[in-house]
Every structure is written in C-alpha cells, then in structure tokens.
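Novice: Protein chains in written order, with the working numbering: chain R, 1 to 141; chain X, 1 to 187; chain U, 1 to 652.
Please keep in mind that the hints were generated in silico from the structure rather than gathered at the bench. The beta-carbon is built from N, C-alpha and C at its ideal position, and this holds for glycine as well. Among the clues, some could well be false.
[To be verified] Which stretches of chain R does chain X cover? Using the computed rule of at least three CB atoms under 8 Å from a CB of chain X, they are:
no. : segment
1   : 28-38
2   : 64-77
3   : 98-110
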Amino acid sequence: MKHVLAMLLGLIATTLAAPAVLAQEEQTAPYAYRQLDDPEQEARAHDLMVTLRCLQCQGQSIADSDAPIAGSMRSLVRERIAAGETPDQIRDWLMERYGDYVSYEPRVTALTWPLFALPVVLILLAVVLLRRRFRSGRAAA
Amino acid sequence: MSGTGQDKAAKTGRWMIWLPLVLFAAFVALVMIGLFRPAPREVASTLIDKPMPEFDLPPGLPGRPGLASADLKGGEPHLVNIFASWCLPCRVEAPQLERLAAMGVPVEGISVRDRTADLQQFLATYGDPFERIGADDDGQVQLALGSSGVPETYVIDGKGVIRYQHIGEIRAEDIPMILEKLEEARR
Amino acid sequence: MIAEFGLAALWLAAALAAFQLIAGSLALTERGEGLAGAVRPVAVVQGLLTAIAFVALILVFARTDLSVKLVAMNSHSMKPLIFKIAGAWGNHEGSMLLWVTVMSLAGGFVALVERRLPERTMLATLAGQAFVSLGFYAFLLISSNPFERLDPVPAEGNGLNPLLQDLGLAFHPPTLYLGYVGLSVAFSFAIGALITREVGPAFARAMRPWVLAAWIFLTLGITAGSYWAYYELGWGGWWFWDPVENASLMPWLAATALLHSASVLAARNALRAWTVMLGVVAFSMSMIGTFLVRSGILTSVHAFAVDPERGSFILVLLAIYIGGALTLFGLRAATVTEGERFAPVSREGALVINNVALCAILGIVLFGTLYPLVTEAFDTKVSVGPPYFNPMGAVFFVPMLLVLMVGPLLRWRRDSLARVRPAIIAAGLAILAAVIAVLLVGGVGVLPFIGLVLAVGLAVASVMPLRGRNLRRTPLAVWGMVLAHLGIAVALFGMASESAFSVERLVALREGESATVGPWTVRLDAVEPVAGPNWTALEARMTARYKDGGGSMLLPQARSFWAPPQQTTESALKTRWNGQLYTVLGGESPGQTGPGRWQVRLWWKPFVTLIWYGGLLIGLGGVLALIGRTASDIRRVIARDKIAYRRERQNR
Chain R
1 MKHVLAMLLG LIATTLAAPA VLAQEEQTAP YAYRQLDDPE QEARAHDLMV TLRCLQCQGQ
61 SIADSDAPIA GSMRSLVRER IAAGETPDQI RDWLMERYGD YVSYEPRVTA LTWPLFALPV
121 VLILLAVVLL RRRFRSGRAA A
Chain X
1 MSGTGQDKAA KTGRWMIWLP LVLFAAFVAL VMIGLFRPAP REVASTLIDK PMPEFDLPPG
61 LPGRPGLASA DLKGGEPHLV NIFASWCLPC RVEAPQLERL AAMGVPVEGI SVRDRTADLQ
121 QFLATYGDPF ERIGADDDGQ VQLALGSSGV PETYVIDGKG VIRYQHIGEI RAEDIPMILE
181 KLEEARR
Chain U
1 MIAEFGLAAL WLAAALAAFQ LIAGSLALTE RGEGLAGAVR PVAVVQGLLT AIAFVALILV
61 FARTDLSVKL VAMNSHSMKP LIFKIAGAWG NHEGSMLLWV TVMSLAGGFV ALVERRLPER
121 TMLATLAGQA FVSLGFYAFL LISSNPFERL DPVPAEGNGL NPLLQDLGLA FHPPTLYLGY
181 VGLSVAFSFA IGALITREVG PAFARAMRPW VLAAWIFLTL GITAGSYWAY YELGWGGWWF
241 WDPVENASLM PWLAATALLH SASVLAARNA LRAWTVMLGV VAFSMSMIGT FLVRSGILTS
301 VHAFAVDPER GSFILVLLAI YIGGALTLFG LRAATVTEGE RFAPVSREGA LVINNVALCA
361 ILGIVLFGTL YPLVTEAFDT KVSVGPPYFN PMGAVFFVPM LLVLMVGPLL RWRRDSLARV
421 RPAIIAAGLA ILAAVIAVLL VGGVGVLPFI GLVLAVGLAV ASVMPLRGRN LRRTPLAVWG
481 MVLAHLGIAV ALFGMASESA FSVERLVALR EGESATVGPW TVRLDAVEPV AGPNWTALEA
541 RMTARYKDGG GSMLLPQARS FWAPPQQTTE SALKTRWNGQ LYTVLGGESP GQTGPGRWQV
601 RLWWKPFVTL IWYGGLLIGL GGVLALIGRT ASDIRRVIAR DKIAYRRERQ NR
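Working from the sequences, and respecting the hints, build out all of it.
Specialist: Here it is as structure tokens:
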C-alpha cells in the first residue's frame, strides 16, 4: 500500500516535471540483448564488441552500454558473425563508416605510429637510465 | 656532497634533467590546442562523396512508400532525414523540413527505432514533409550510413552519392546552407 | 547568512595564504628572519578558516537553501539527507572547496607537527604550500564561487545526477581528493628541499607519511570507484580505461613509485634527484588528472559542456606550479647528486627497476589517454582503449612483478641471488603448478594466463619476507609491505580470473521461467513496481541456486529517477567465496519473443571479488606501514616536547 502511494506521488511529480512525455526509443534489433546460439560464435562476437566504441556514450564499449545505438551495433556484430563474417571484416566495415573512432584498438597509421613507438622509446630510456646508474655504481664501488 | 665520480654522472645526466620540463611543455601546448581549437564533438560519417550504401526499408506508415537506395538515383538531389518520434530535437527541426519541402526539395525520411503509432502522432503534431518514410526499426541502415545520432540529414545527389551530412537539428539559419549544398549536388 | 559567513572565511584564508607566502619567503632572507615565527601559526589558522567555509557549505546543502546557486543547481529538497550533504562536493565548485580545505588543513597540520626538517626548509615548504593554495583560492573566489546567491530564489532545485546518488560514490570522490591533496604536501616538501638544497634522508622521512597517506586514499578511492562502476553501470565491467579512470590511476602510479624511492632515500641516502622529481611528478599527475576531467577536454560525445574558462584557469595554475617546479628542478638537480651507490642486485636495484617500470606504465597511460587529442589536432578522431592499454601496460608490468618476487628479500647495497634461492624456488614451483593447472582448465587467453600464473607466484613470494622472522617482533612496516604486495597478487588473480572465466547469459524470461549461468540456476519469480524516496522502479524477484544448493533471493531493479529524469539499473549480486553472481533486470522484451517476457542479464564471475579485496589489502598494508612509521616519530616528538617543557619550567 505504501509502495502504491509512493508510486502515485512519483507519477504526479514526473508529469509535473516533464509535461511532454516522450515516446520511448524502441529496441527491436534482434540480437541487441540476445546471444548467438553457437557459444564459439558468441565468444568471437563478444571479443569484438568489447573493442568497439559506443557512438553515444562516454568511453564505453558497445558491450557495456544500454544506449539504443549500442544495442543496434551489438545486433549488427552478432548477425554478421552468424552470417560467417570475420571480426576484422566487421571492424573494417564500421571503420569505413565512422573512421578510427569506432574502434578501441588503434591501427598503425601515419598518425598513430607514435603510440606503438612509445613502449620502445620507454624501454630504451629505461636501459640508458639503468646502465648509467649501475655502471657508475660499480666504478664508485 | 660531491665526489669526482658523482660529478661526472651529474654531467652526463644533464640533458635528462630537462626532459620532464620539455615533456610538460609539450603537454601544455597540446591541451592549449585542444582547449582553444576544440575538435567537433560529433562523430561524422566518413562516407561523404561515396555512393549511398544499398538498402531497402519497409514503409514506416501504412499507405506511404518505404525508402530504398534505388529511390535516390533518379537524377534529382534528395534530402534524407534520419528522425524518430522519441527525439526532442526532431521536433525543433520539423518546421525547417516543412519549409524545405514547400520549396520543392524532395525530403525522404528514415525513422529509427520507432513505432508506427508514435510516428503517426509525431507527424500529425509536428508536420509531415516526407515523400517516403523507411522504417529502420533495427537501426541497421542508420549504421550503414555512418550516422551516430538522431536527427541527422544527408544531402544525396542525383546519382545516389552522399554529398553532405548535417549532424543535429536543422535550424532556421541553416536553411540557406542546406539549399546551397543541394545546389552543389545538382551540378 | 551562512553562505556569506563561509565566503568571508574563504577570503580571510586566502589573505592568510598570501601572508604565509610572503612571510615564508622573506624569512629565508637575512633581513626577514623576524617573520619566521609567524609562518606556522598562520598556516594553522588558514587551515581552520577553510574548514569553517567547508562546514558552511555543508550546512547550506543540508538545509537545501535554494537561494544559493550551487544548491539550486545540484540539490533537491526531496533527496535523502546523506545525499544532500554529499551533494556539497558532488559538483565542480564544492569539490574545489573540498580540495582547498584538505590542502590547507594538511598544510596546517604539517606546520603544527613537523619538526625534523631544518627550519629553513620548513619555511620554504610552507611558503610553497601557500603558493599552491593561493592559486586554488583565486580559482575558487574568481571563477567558481560556491557561495554565489541566486535571485529570484527558485521553487525547487535541479537535483543530483541519479548515478551519483549512491553511498559508494558519495564518498569516492572525497577519498580520491584526499589522495590528490596529500600529494600536494609531498610537492611542497620537494620544493622546500630544492630551494634550500636539503635533499636527504630527513626530507624523505618528513615526506614519506604524507605520500603514504595520500597513496592509501588513492588506493581506496580507485578500489571503491572500480567497484561502484562494476555494480552501478549494470554490465559487469570494472575498469574501462576511460580518461576519468586514468586520471585517478596516474597519480597512484606516480605515488607508488615515489613511495618506494622515498624509502631508498630515507634508508640509504640514494636516488635523491629522482625522488625529488617524483615528488613533483606525483602532484603534477593529480593536477593534470583534475584538469583533464574538469576541462572536459577529453570526455567524448555527450560530455558535460566544455567550460574553456575553467579549463584555462586550471591550465594556468598547472603551467605556473608544475612548469615552475620542473624549472627549479632543472636548475637545482645538477647540484643534487644521486647519493650513495649500490649494486644492480640489491634492494635499491630492485626498487629502481620497480620505479622505472611504474614510470613507464605511467607514460603509457598518460600518452594513450592524451593521444586522441593529438590526432584531433590533425582533425582525425581516434579511440585508444583496452586493446592498447592492456598489452602495452603488461610489457612493463610483467617484468616488474618478476622483480617484485625477489626484491623485498634482497639486502641493501649489495646482495646475490644465490642467497635468496629458496624463495626463488618456492615462487618458481608455485608458478609451475599454476601453469599446469591453468593449462588443464584450458581456453584461457594470453594476458589472463600470464596474470593468473604470476599472481600465484607473487602470492607465495610476497609472504617470503616473513620467513624466519619472529612474527610478533616483525615491525609493522614489514607487515604492511607484505600485505600490500600480497594484495597486488590477490587483485591480479581476481582480474585475470574475471577476464578468463566469466560466463555471460542474456535471456528473455517469463515469470516462473529459469535460466542457467555457469553453475547457477536462476528463476524469475516476479516483476513488480516499487518506489523509493525520489525514484520508482521495476523490481525483479529472482531465486538463484548454486548447483544443488538452497535458493537465495536476488532483487535487481530498473530505476527511474525524476529529478533529473534518468534511468539507472541496480544490479543484484550474490557473493560466494569463489565468485559473484551478477543479475540485471533489463526492459520488457519487445517484438519477436512475445509479450510478458523480461530481459534478464546474468553473469557468473569466478573470483571477481578478489579484485577489490586485493585493493583493500593494499590499502591495509599502507595503513600498517603508516602506523608503524609514525608511531616511532610521535613517540620521539612527545619525548622531545616533554624535555622542552621541563626545561622551560626549570628556567622559571
């Protein structure tokens, strides 16, 4: 009874706060919230989904998002995997449309190579630092 | 505090001492660019000047034709508006689309993740400029077009090539620009 | 009235900070020595004044005084009291006031108790602290006044983002802030030491408790934040390499490195310049993190409105403080020698490798987080996410873990691996057993495999320092180290296990139907509406059975808040010793599956809870070390004060 009363109060408050109630965004994409029957295919789809960026969220992959467009993207990934496409083909298809932004896995391009050069630079820097440290250490000892 | 070996080590390490400051200066320069010349927040489609992907959508309303990519190759430029009844900016945009339609611009609609009843009510309330309405209930055509939100409007030339993508609602002040894009697409 | 009172206290505190800076700097010169006595009391009073201002803000929020703009923008009269109070710092202005408050209180505390350093270094440190505070006072008073009034007074407030109306999150940001600000004290010590060229063990000992305390708060803050994301976002993810998360991870990495290098400096008078630089870097990471989050420069689509004014203000502060400190470092570091020497195989050697690896990981995280900005400058959008950070971080994390297994066993200065051979063999055997076990289970990816195996090895190796010791007489600091390192192993095992063995099931169920996920069978009993103080929800009643065990009830909710309107999912968790069942109620299932079905998301995540237990262990280890280290300091201070008091009485 208390619940019902609170619900009513809540409803009143909702209608007061937002006079025009929006129609709901419908999610009818078949595989937005449904897994593929083949567990091996589903695993491949899932591994791809965690590396694709939701286009309307802040820093979330489509595997972590309730945004409707993320649901559509999940359905797209699952349907195409089921149809026999490889994860790379699907990623390329999406990148053709949305650019590198849609993939969390940066490709090596003219613009992104420093990302991949950085670990090498850091290792070199570490070697230089450590060598100097220990060589002079031996000299002093 | 000093010994000869240590002095030597300090000398060879001098350039490294300034490394943090140099990196920090690079960081400041980078974020200055980011702050004062912010990149657009939207994710633009990379299909501009490429042919419209093939699709064939069922009608969104009974008695109104659906939308297929073949419909857009008739030699005349089209506007393809991605909209939905649940989208607030679409209501803001509706009068501008009506004006464009009144000027004789063919306006086609793709309704995304929507219901027929909601769609009917939306068009009855906010106006109906659409010649055809394709129902993209799964959002798959939206993805094929490289659209990341609703509303978006594409200018398609007579050969079915995407010439321009407008992200967000078309405001009254955007109309001349849209007309110009249509004119360019005609050439 | 309360608001004006708070504002007045804030202005006074700012004025005192200015005085503290001038007096502290002048006292370093010959002519201004007379001012030296004023610096410490001023620092204490300044701290108290900011505390008053902060209490004033909390009062205004607790009473929902809507004539204050900040309250009207961020609170709502129907919110539970605890969230009203938490609302005081759940926004930009309030959190900046919290920042300044903690910073000034910490400064006051340092002024009150720290007596080990030469007085000149203390004066320089307190002047430095005042200099940093002044910038934040200016920021608060000029561009983010939390006490601004609103006219006319609105009838109701805007409310707090429902995602933030959660106990975990109410206390997560202040915890992180305590960490960030604690590092500002380390920063001030580093500045003071650089100015007076007194970089030595005394400096490291004075700085260490602050770094340790800050590091504990950062550890707990990150752990809590990760758990919050895990249960609140409704998809079972616990770390996303999101810029906001990275902003909290970077100071932690720097503080961890600083903590270890400060130990070397305190014990062996080595790594002097390096430690000072880390002191600067650690606080830089706090400020850079705050800048990245506040300016909105990195948050992508649908972010909070970017506020260039706020961003530029923090950027100016950054440039002044960090740029200035690094310049000072460049000028002085050449005269600060590296100190005592040591062999590669020694405690110091292991700690140097730990430091280099931590800094490299820091470099990867910082670069990867910022790189999208670089490409945006060239008009291309790029995303850098888990597929980059995980393997690139592992390149440095794995060698660091290997060194961590033997490092704590090594002696200072010079040692041989032969001496610690039994420990190496024990860890090696544990790793071998883990390799076989994981291979038998099968189907585990490369990174989780490495994680699982190294976690087992590290768990064994981490307790080795206790071997052959009298456990009762083992110092607390050693216990702390062992617990913290064990915590790393525990957390790593949880992460790797979650990634390797999680089972996901998305199903559409009618009431009365069941689904299985891993060893669990979950039945959807009913879906009913419920209501809370400022939300309504659909609640699913589920019965979950583990194998053939008894049923336990789970109540996941899909909540709708109305001020501001927003939907959230409240997951329901069932924890066992060997993992967690994670259940979420989605919407009503549409279309093909027919009416009356509900979308239900189920996960079985073996050993996932170890991630956060590990985090807690790390924090607990820090607490033990802090108690152990400060207890002796306090005893010494009390003894000295007693002597001073007696002398004073005798003189009378």
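Novice: For every hint, state whether the structure bears it out.
Specialist: Now for the hints, and whether the structure bears them out:
1. 28-38: holds (count 3)
2. 64-77: holds (count 7)
3. 98-110: holds (count 4)
When the structure is compared with the earlier hints, no violation turns up for any of them.
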